[in-house]
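Asker: These are the residues of each chain, in order.
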Amino acid sequence: MKMRNYWNLRDWGAGIWERANRPKRVAIAITTIFLVALLPFAGASFLATPIAAYDAVLVYPVGVFILMALGLNIVVGKSGMLDLGYVAFFAIGAYTMALMGTHTGLNTWEIMPFGIAFAMLAGVLLGLPTLRLRGDYLAIVTLGFGEIVRLVVLNSTWSKGPNGIANIPMPPDIGPLKFKLDDQKVFFWVVVIMILLTIWMIRRLSVRRPGRAWEAIRQDEDAAELMGIPTLKYKIWSFTLGAAVGGAAGVLFASKNLFIAPEMFTLNVSILILACVVFGGIGNIWGVVLGAAILGYLPERIRFISDARLLVFGLVLVTVMNFRPDGLLPRKKREKAIVKKEVNA
Amino acid sequence: MFAVLIDQFWSLTIAGVALGFIYVLISLGYTMVYGVLRMINFANSEIFMWGTFGTIITSRDIFHYTQTSEPARGFKLALVLLSSLLMSMLVAGLTAVFVEFVAYRRLRAKGTNRLATLISAIGISIVLSEVMRLLTASRPVGAPRVLEKIILTEIWGANIRLDTIITIIAAAIIFFILERFVKLSRMGKAIRAVSMNEDAAKLMGVNLNRVIATTFLVGGLATGAASFFYVTVFEYTKFNIGFTMGMAAFTAAVLGGIGNIRGAFYGGLTLGLLEVYASAVLGTQWKAVTVFIVLVLVLLFKPNGLFGEAVQTTRA
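Order-wise, the sequence lines are chains A and B.
The first sequence runs 1 to 345 under the numbering used here.
The second sequence runs 346 to 661 under the numbering used here.
Mixed in with the good hints, there may be bad ones.
Claimed, not checked - Okay, derived cross-link-like pairs now, SDA-like style, lysine to any residue, Cα gap no bigger than 20 Å in a straight line:
id: 1; chain 1: B; residue 1: K455; chain 2: A; residue 2: L328
id: 2; chain 1: A; residue 1: K332; chain 2: B; residue 2: V634
id: 3; chain 1: B; residue 1: K647; chain 2: A; residue 2: R132
Simulated from the structure, these hints should not be mistaken for lab results.
Since we're looking at a predicted model, the values are computed, not measured.
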């Protein structure tokens, strides 16, 4: 009998899912969603975070990080482009919410489409000229774009510069569910719904033409082009969809935080989100979710060693990458094999 | 708007060249490693930051200079400056080798994807900057004034200060030595061989691990020299100065064509001048934006940087 590899959580989880029939799958999904929805009530247990409020931590960083990591995963994990300026789209979403929320009478849900649209527009505008570049050049250009967005809001008067924008309205109540500052359960549920929608979108796209095109581009861009895939078009689509998710996360973040300032959108956020993606398992949705949940939660959980928490964070990154270079829950071997070749090319 | 630029053109140019040479040396740290590994040495900015502390420790704790003490003169001045320079290079060089050992070596042996290595490098740079933050209690550290910043002479209305001149001349010499080392020495040849074709170099009996460690060391030494000049000119350091300088130097490396040592030279000087002119014309706050916009434009029309990836083109 084959030895069971207890470390291979991905195959174990995938195995259960493969063996289950439809009603069983629905049952598993509903139970999981239900358990996740109950998370804000677990504040009194060992999960509790010192200093920061537990239910707030679940929304930001944990929930928002998962959402952004899923968005970045479309760009980095699915189509293999290194984006180091992802925070720009987050910032665009957040500033759309802040400006429209304070200057017009629209509420969060009405602004959400605008935030997503502006982020997508920025994605197209940045993508059209730059997506012809590859690898590290793309990385530095996106990194530069992220910094440009931050510096523009830092130095402009319409964005109130370094002071940031305060008094951003909260989302309106949904029936009996009220959005409150001291009790952020409803925010958490909204984030969970957005995460589920994103996962659904990615899973649908993955098995259809765009998903296959991204996969081909990631494995060998020249071959993909030769096979007749309009690579630039699909790269821009991937970039734009990633941007849309980032923008949506930004709108929600601004509406939750009630105050935003340029210092919240530094390069560190981009790097942290990328770390979430790679740490959890690049290209694998559940890996990304797990990675983002851990990296968002860990610094808050270990706040009691407040001064050294970033140090521990760095050490965790180095150690985990050294021992599990494909992340905690790596993508399937079939998809990985070809990437290996690319390294030697 | 342009009046300032025309008015002070020469003094701005000299400041730009001095800043440019600091960038040249830091971008060597990026370019050397990239040339060999095809990977961004993400921790180079923190290596630079550790290097600045080498200078401060030498002048403050070994030679006991303080901010108020009498500046050194003559032979003593040369001794203190030289040992600070060597100490900075040593600290940065060793840090670079440490980074290679901890963050790169194991992952390289496994032949894993590039992103894992990138994250591992990001992790180690967080560790380096956090250790220094805890050691200095998040406070900026002022450098003792060893070198009196006397104005030597005036050319076309620009003051030529001693520290700028030392920076320009010494940095040029160090760059020249390193460039010759990579061009002519046996080790340099091995480095270039590995960057052209890793497998072939291995077959020819090149010790890969040693070559890569040396590459990190050389890059670290150059970065360390830059740290010394930075402290000499700006007279302070902090645990987070690495980020801005590293970003700019990386931009410079890409601008010149990353992986290309000459490219780092021209890229660094271009960026130094560009930053200084841009801050004079548009104001300091738009400096970084201008630099990035220029970078994007350059990459659009010359996607391999101004001088191309010299090593890359020789790869089939």
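Asker: Does each hint hold? Answer for all of them.
Answerer: Hint-by-hint comparison with the structure:
{"no.": "1", "hint": "B:K455 to A:L328", "result": "16 Å, holds"}
{"no.": "2", "hint": "A:K332 to B:V634", "result": "41 Å, violated"}
{"no.": "3", "hint": "B:K647 to A:R132", "result": "11 Å, holds"}
Violated hints amount to a single one, hint 2; each of the other numbered hints is respected by the structure.
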